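Residue numbers (the UniProt record's numbering), protein chains in the order written: chain A, 1 to 294; chain B, 1 to 294; chain C, 1 to 294; chain D, 1 to 294; chain E, 1 to 294; chain F, 1 to 294.
No lab work stands behind these hints, which were simulated from the structure alone. Take the hints with a grain of salt, since some may be wrong.
Note that the list lumps identical chains together, so a pair holds whenever it fits in one copy or between two copies.
[What the hints assert, rightly or not] Dumping the calculated DMTMM-like pairs for lysine to aspartate or glutamate here, alpha-carbon to alpha-carbon at most 20 Å: (1) 6 / 234; (2) 258 / 203; (3) 13 / 263; (4) 13 / 268.
These numbers come from a predicted model, not from an experiment.
Number of protein chains: 6
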Amino acid sequence: MYFHDKRLQYPVKVTTPDPLFARQLQQAIGGVEGEIRVCLQYFFQAWGNRSPNTKYRDMLLHTATEEIGHIEMLATAVALNLETAPLSLQESTAAANPVVNAVMGGERPRHVVEGMLHKHLLSTGLAAFPGNSDGVPFDGSHVYASGNLAADMFANVAAESTGRVLAVRLYNAAHDPGMKDMLSFLIARDTMHQQQWLAVIEELGGYGEQLPIPNSFDQNLEKKEFSYAFFGHDKDGTPPPAGRFTQGPSLDGKGQFKPLQSEPLGEEPVLGPARDGSGAQKEQIGKPSGPAVM
Amino acid sequence: MYFHDKRLQYPVKVTTPDPLFARQLQQAIGGVEGEIRVCLQYFFQAWGNRSPNTKYRDMLLHTATEEIGHIEMLATAVALNLETAPLSLQESTAAANPVVNAVMGGERPRHVVEGMLHKHLLSTGLAAFPGNSDGVPFDGSHVYASGNLAADMFANVAAESTGRVLAVRLYNAAHDPGMKDMLSFLIARDTMHQQQWLAVIEELGGYGEQLPIPNSFDQNLEKKEFSYAFFGHDKDGTPPPAGRFTQGPSLDGKGQFKPLQSEPLGEEPVLGPARDGSGAQKEQIGKPSGPAVM
Amino acid sequence: MYFHDKRLQYPVKVTTPDPLFARQLQQAIGGVEGEIRVCLQYFFQAWGNRSPNTKYRDMLLHTATEEIGHIEMLATAVALNLETAPLSLQESTAAANPVVNAVMGGERPRHVVEGMLHKHLLSTGLAAFPGNSDGVPFDGSHVYASGNLAADMFANVAAESTGRVLAVRLYNAAHDPGMKDMLSFLIARDTMHQQQWLAVIEELGGYGEQLPIPNSFDQNLEKKEFSYAFFGHDKDGTPPPAGRFTQGPSLDGKGQFKPLQSEPLGEEPVLGPARDGSGAQKEQIGKPSGPAVM
Amino acid sequence: MYFHDKRLQYPVKVTTPDPLFARQLQQAIGGVEGEIRVCLQYFFQAWGNRSPNTKYRDMLLHTATEEIGHIEMLATAVALNLETAPLSLQESTAAANPVVNAVMGGERPRHVVEGMLHKHLLSTGLAAFPGNSDGVPFDGSHVYASGNLAADMFANVAAESTGRVLAVRLYNAAHDPGMKDMLSFLIARDTMHQQQWLAVIEELGGYGEQLPIPNSFDQNLEKKEFSYAFFGHDKDGTPPPAGRFTQGPSLDGKGQFKPLQSEPLGEEPVLGPARDGSGAQKEQIGKPSGPAVM
Amino acid sequence: MYFHDKRLQYPVKVTTPDPLFARQLQQAIGGVEGEIRVCLQYFFQAWGNRSPNTKYRDMLLHTATEEIGHIEMLATAVALNLETAPLSLQESTAAANPVVNAVMGGERPRHVVEGMLHKHLLSTGLAAFPGNSDGVPFDGSHVYASGNLAADMFANVAAESTGRVLAVRLYNAAHDPGMKDMLSFLIARDTMHQQQWLAVIEELGGYGEQLPIPNSFDQNLEKKEFSYAFFGHDKDGTPPPAGRFTQGPSLDGKGQFKPLQSEPLGEEPVLGPARDGSGAQKEQIGKPSGPAVM
Amino acid sequence: MYFHDKRLQYPVKVTTPDPLFARQLQQAIGGVEGEIRVCLQYFFQAWGNRSPNTKYRDMLLHTATEEIGHIEMLATAVALNLETAPLSLQESTAAANPVVNAVMGGERPRHVVEGMLHKHLLSTGLAAFPGNSDGVPFDGSHVYASGNLAADMFANVAAESTGRVLAVRLYNAAHDPGMKDMLSFLIARDTMHQQQWLAVIEELGGYGEQLPIPNSFDQNLEKKEFSYAFFGHDKDGTPPPAGRFTQGPSLDGKGQFKPLQSEPLGEEPVLGPARDGSGAQKEQIGKPSGPAVM
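Please take these sequences and the hints and turn them into a complete structure.
Below you can see the structure in the form of structure tokens.
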């Protein structure tokens, strides 16, 4: 079960509120690369963890719990950036006036309605919501918890990699020192989170032990002649580019990479006529048709 | 641009059609772990690839093109498994009759409507569709193409890991030898696909060069004291479990792992009263309110 | 504006309630081929109709209004079919008991929870909801109202064609005479609705006048050498099958059909290196990178 | 069944078309707080109403029918506001030119493409669609019809409360007198609709009779020691804020409010090892693994 | 920020695992009436709370934090109920065998694949996921946080009312004593949660002070003649049913209820011809058309 | 199976990159009218084609394969248009400066962040993604493959009609000659694609043979008195507008059109009281209630 402390994990300060930056921050809350996703992902991986011991369940719970606090920081940052957003279209006009802009020292007029998420104005009362920077709501199907520990660890690395890419883009886009400071903390945490999931793979013996995923399936049951072949699909048979993936031992040490031009091994599939009573046109059935006969 | 051969990449045969297995196969077509997702993922990574050379763009195109053929194989397998599915509720009754079952040797009655996806009966005319095994349509937001090569490679490993886990579960669930054969091919291809994306990371210098992702961000700008610390969030301060992720050098060789009990570094956030005209209750505003004044 | 009469457009009677048929009827309410879709589609086409006169706006309003009554009929049918559905898993057991089934004359046990939509049990209290037969909620993006009258008419024909296919499949699946009677009415209405949208195309001059859609674009601005060519994409250049679409005058009378083997007319696209500060890996950029420099 | 009158329920006039306001109005059509939602919600509550009499079914039908007319008014308002929207990016440029703006008296340039919903330009031909102000399509899962009358009434109050908040925000954002007039009507109707659903609760005996919802469940079967306790979850045990919800009789008159520090009453859950053949890593299973053995 | 204790808030025990009940429990996790929704709803209401003081922000944080623990309990219950679920279609057959059923004392065979969520088998490895009982993923648009305190309180009452209705239905459907015990706790908490949000309305002065929502809008700006009128929409003018909502003082004490037959107050809307270059048919435009002229 | 050629089907050139046009092009990639939809639609129609011969399966495969190349062209166009998009909010400011604009000859400032899709900046690294111009992800439920050949052909005509309308709108909006050239090719292909699906209907005997769809259902089983009647739903009985759809022979030659005022043929539906244990309020049940009794 869970507890809270009313203080934030890290300070969140905004000197110059910017509703457009509020919009961009939404991606880090409810986007595919965002914090709600990793928070729920780590929780569901922990809650469904089946293993002879609880070590990784325990580990996942710590980080999942941390992530709630990250959503909280970002939601606070969104609200602070919306502090002075325009409530009417006229208010927006005034701010967008070139003369006003000149007075503001040539800076981007920050109060223009045009670039805002309308949900911020119309639905949340100048606050954050669980959706992305284009207003698309968070979707739980992005929560990967496969029941396979190694697959989950790579899904977590992928999430933290796209997450840190996003945080860096937000850092680059930001102009407020408070926002840059907050992001420098979140970027550091993403650095660690990338590391820690890969450390689990290493701790369990690395690629040699863990690959292919799932490692509990007997590889003798797969078509092994295709297990380490890079298939070329160029129309004219031009071979694929040479690289680590076309030569040398495979990373799991169980095979040798090789290139192979892909050719059809199967036949043209023919499904035959449609069944009577299946709702097809009669030409598909090949004879008069009616309601299904039992 | 693209070309086709009417033959399949690998044979698809079904001896005993099973509409329930048709349902399960849908997960490998339109599910999160399925082939439409990886097909579009590799295509969009290729088409958006920005790089001094086109090596990885080229590599991605080969594998993306292969994946279209995998969707085709699975869609064919779904149609073949639906060959004898019941079209009416009465037809279902007959098959579910215990006596009939007994004659069938105690096997599971395969023609019961109860377990089928109704979309197979009502919307597709006994054929596949781009959705998962519970009928949820494929959703393009699962296509990861981040513009960062390393993040994309890990996203691909994650996709192929959950993809092979799924294929193994389908193999274990299957009873038809043709289906087991088809899956033994797809499993082998997933083995290779896991390898090839990791090979790109190795080719580019491995974790030391590629981590943290993105490696183009100056780490001096992140809060480095938190970059390699595993945060404990246990209420009573019980330390997190010891592991590779709490001790030793980090995997990128740029820091030392350490455990750290998480404590609030920020303050309680206070947003203050709501603005006049923002649609809040007057008690939130603290004074009489009306339409926005410009 | 709108008015109601508490009576139904057509009688809805259920003699033998069947929760599984209730599930199947949901497809006709909230599925892609269902009545909510056509109802909203005709309404939005009417409300957005721009034309020198209001004839088609008026026509659309009549049929849109009719469709509300069809949703009502189907929602009533769902509720009646759920009348005796099991509320507990034990209740389900009793009904599924082979002995009980035998007493019921070998009929399909109708009260099994397994095949039901759980939303019917858990969320609606044994009533209909705006979603399809696999529980996926209705999605407004299926409402086609393009602002182009001819495109909309064809979208309406498509909707009524898949709609009547669905209604026929439900008729074939049904066993209750009341349900078959209700469906025989809805099927008749779908017959008319297919006709009426095509009649608009004919009234406006038929294919010769209305195609290609939109007919307000000057065809001299399109690459006319490709406007009536069927492109073959077979890898080995095997020509496409001969048919009405590869020979003879085009249906709009403005060209001649011909087959043509597709070949690349463009070059391999090369996007070049990623930009500094864009969140790519440094290897993609080709030089050291940092925060965006303004 | 249903009928229409071609006239609107209330006049809709636009003097100065504004494509950005058209965008904002979409929230009242297809947003979570919008009219499609309440229209379908009241219809499905009516059509599924199970009760000894039809009073509330009847009441719901009246208001649901009214709501179709509200969608119609708003769709008309959107089309009128899009009357002069730019069709090309160049057209937009001209209007955004500072000099032109100056001539227009410093007003917000109304014809800028930047702030528009692109769906209005590209997909609807300058007309409304069933989606929200950020382009997200209407989603039928927001239609609450639970089969419990009191739960539905509160869901309706919630819908009309957020609906009137939205209408007030639109009123505040609007600059056109016709739009303000139309909204003043819709706001009045929302006032009534909030009242009427609460009046049903009162008519049925108020909180004392209707709470807790559902009132048909025997409260002796719930863990009554926790039924009126406000749980504190502060990490350091700081008690929750004192308020009406921590003291005095409960609103249903069946208990006394009290604060209570939450503590774990359960144990740490341990799921144990994964099953053989379940697709987990072998380390999770604890022994060699293969295909499922029956 | 947040902390965890590895123990559960309340015990979760399962004696007889039932994969079908696991499916039903999913509705309480990721369904519209479920715990993820209320958890995020209370968090976002707290994090965006704008008010002269932090009392309700604080209150919301306590309950939001409690809800994480409820998701955890339910996810644990799902995993335990999936403990013995069949991994292959053959395994399912054996369990469905009538003879086996007879030995099991006529009970419902609990291990049939037909009724299971395939996501439980294929995607999660016999564990919970953030979606509902028909497999539809959790969707963040259900998180209501409007920026208006009273609207939010009613949204919370609605959520806890449908939530308790769901919990009661699950209690009625359950057969395992451990599951009934767990639900008796969750039902008690829902009782309290319904109360506490209504207590906030009372604390702020009740309906007289808080209605209509938002109370910060000057009612003189709305069309007050329609603010307390129940509109009848019967085609033949049959008046609406008499009730508390058609007579007597309104609940806010600011008006008198009355019934009123609805009549069109507006005109038939006419949008006129489509614009040149807008992609309409030329018949809609009324003259020859081409690319947009600037 | 499938093969690729690295060159594009048709040249894609961009002289003046415009991130706003990149946004608009997304509609043609991942929108309802876009290329991913038709590509998957033709593939799934082909893969599920049941017919005495493979002619139309073959035909569909050619065009589906062509469509992959169209997605590729558009994705390339998006990436090229994002070439110079601003990465920071400050960069945007500079470009939006009126003085800079003046120097640019009064043209629309192309680098403003306000109008961009934030997903292009934050999630894709200046490249395309499978979603529409408002950022909504592609949704597989738009792929129509009904199992009925004629219904599918009309669905294809509808898709290509809205597709060509979209392409024309993009052509009109475009300012770059390379973009206009690319679109002139895609518009020509849409011309052909509209034709070819209608040619199939003609080849199969035209409306007389193919309508009503499905033509395999015995029309004697439908309520034929309503099969060719246009129902009027005007409240006051004003007849519907006269047109081809109210008079003359029906287009299938099987009936005569006629107008008919719609009247209720059914009764008011009454569902009766709620069942005990169904989670309704006790007032709905009409007596004391509790847990379901078995």
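A quick look at each hint next to the structure:
no. : hint      : result
1   : 6 / 234   : between (59 Å within a copy, 8 Å between copies)
2   : 258 / 203 : between (29 Å within a copy, 16 Å between copies)
3   : 13 / 263  : between (60 Å within a copy, 18 Å between copies)
4   : 13 / 268  : between (64 Å within a copy, 12 Å between copies)
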